[in-house]
Every structure is written in structure tokens, then in C-alpha cells.
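Novice: Work out the full structure: start from the sequences and follow the hints.
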Amino acid sequence: MADPYVILNELAQGLRPMPQGIEWFEGLSTEERSNTLRLLSHFCIQARATAEDAPESIRRAGLRATHTPAVLITRGRIDQQLGKIAALTPHNERLKSFRLLIAVLAVADERRRERFCSDGCGHAWHRLSVDIPEASTDIPEAST
Numbered sequence: 001m002a003d004p005y006v007i008l009n010e011l012a013q014g015l016r017p018m019p020q021g022i023e024w025f026e027g028l029s030t031e032e033r034s035n036t037l038r039l040l041s042h043f044c045i046q047a048r049a050t051a052e053d054a055p056e057s058i059r060r061a062g063l064r065a066t067h068t069p070a071v072l073i074t075r076g077r078i079d080q081q082l083g084k085i086a087a088l089t090p091h092n093e094r095l096k097s098f099r100l101l102i103a104v105l106a107v108a109d110e111r112r113r114e115r116f117c118s119d120g121c122g123h124a125w126h127r128l129s130v131d132i133p134e135a136s137t138d139i140p141e142a143s144t
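Numbering of the sequence shown is given in full-length UniProt numbering, commencing with residue 1 and proceeding in unit increments.
One should not assume that every hint holds.
Said to hold, decoys possible - Think about it this way: if two alpha-carbon atoms lie no more than 25 Å apart in a straight line, the pair counts; the simulated SDA-like pairs of lysine to any residue are:
| # | residue 1 | residue 2 |
| --- | --- | --- |
| 1 | Lys-84 | Ala-51 |
| 2 | Lys-84 | Glu-31 |
| 3 | Lys-84 | Arg-64 |
| 4 | Lys-84 | Ser-29 |
| 5 | Lys-84 | Arg-111 |
| 6 | Lys-84 | His-42 |
| 7 | Lys-84 | Thr-66 |
| 8 | Lys-84 | Leu-95 |
| 9 | Lys-84 | Leu-28 |
| 10 | Lys-84 | Glu-32 |
The hints are simulated quantities; they were obtained by calculation from the structure and are not laboratory data.
Specialist: Right under this line is the structure:
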């Protein structure tokens, strides 16, 4: 696969199927997973994620409201909560965090595109395209 910056944006834009993203994420080393989650958290902040994005992001990530990342995103300042989500360490929580942060990025970036980039913009990540069949941004529910 390509550069992580591109992969993460392709996942958020539905240009790359989430199962492929999960496979890529699980193939990373522990340190690379941590770095990826921190990068995603940063992307969400750059895309101007808000607390109001939480319910839709949880739904798209396929998480239950009781999953740790879902609980965290609904409490406190969004920038602080995104950092806490990125810092979760158990493997199953990291996978849920990955799914949720991709969904948060998707929701926030969709809004950003509509409000600020609808007449064109200079964001390279808004001009991505891959030759992969159309993929939904909805993700099947997490099992644990």
C-alpha cells in the first residue's frame, strides 16, 4: 500500500474499503499503530471535528455506545478525548480506536468539504482517487 497519509484519507473518504484498512493497520508494528492513531487524532483536529460528530462517528464505526473509545468521545473536550482514544493500549481497543478515528475524520472532513471546499480547494487529500470498487463508510459492528 501507499503512504499512511494517503491510506488514512482514502479510508475516511470511502475510496478504500475498511476491511483493507483494518488488515493494513493490524500488519503494523505496535509503535507504528501508536503513531498511526496519533496521526489520525491530529487529522481529526485539523478537519475541525466537534463533539456533535460523536454519535454519527460511533454509528459509522460500528461501535456500541459502551465501547471505551465511544464512551471517551462523548465526554469532555473533543481534542483531549481524541488524544485519549489514540493512547488506548489494549489491541482490541486500538482496533476500535482506529475504526472510530477514521469515522470521525470522515464526518468532520465531509462537513469541511461542504462548508469550505465546495468551490475547490488546495487540499491534496481532497483530490484522491483509487481504482477500488465503491465502499461504504459504514463499518460492521465491532464484536468485542
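Novice: Look at each hint and say if it fits the structure.
Specialist: Tested hints:
1. Lys-84 / Ala-51: Cα-Cα ~14 Å, so holds.
2. Lys-84 / Glu-31: Holds. Lys-84 to Glu-31 sits at ~16 Å (cutoff 25 Å).
3. Lys-84 / Arg-64: The hint holds at about 18 Å.
4. Lys-84 / Ser-29: holds (20 Å)
5. Lys-84 / Arg-111: Distance of about 23 Å is within 25 Å: holds.
6. Lys-84 / His-42: With Cα atoms ~12 Å apart, Lys-84 and His-42 stay inside 25 Å; holds.
7. Lys-84 / Thr-66: Within the cut-off at roughly 16 Å; holds.
8. Lys-84 / Leu-95: holds (14 Å)
9. Lys-84 / Leu-28: holds (20 Å)
10. Lys-84 / Glu-32: holds (17 Å)
Checked against the numbered hints above, the structure breaks none of them.
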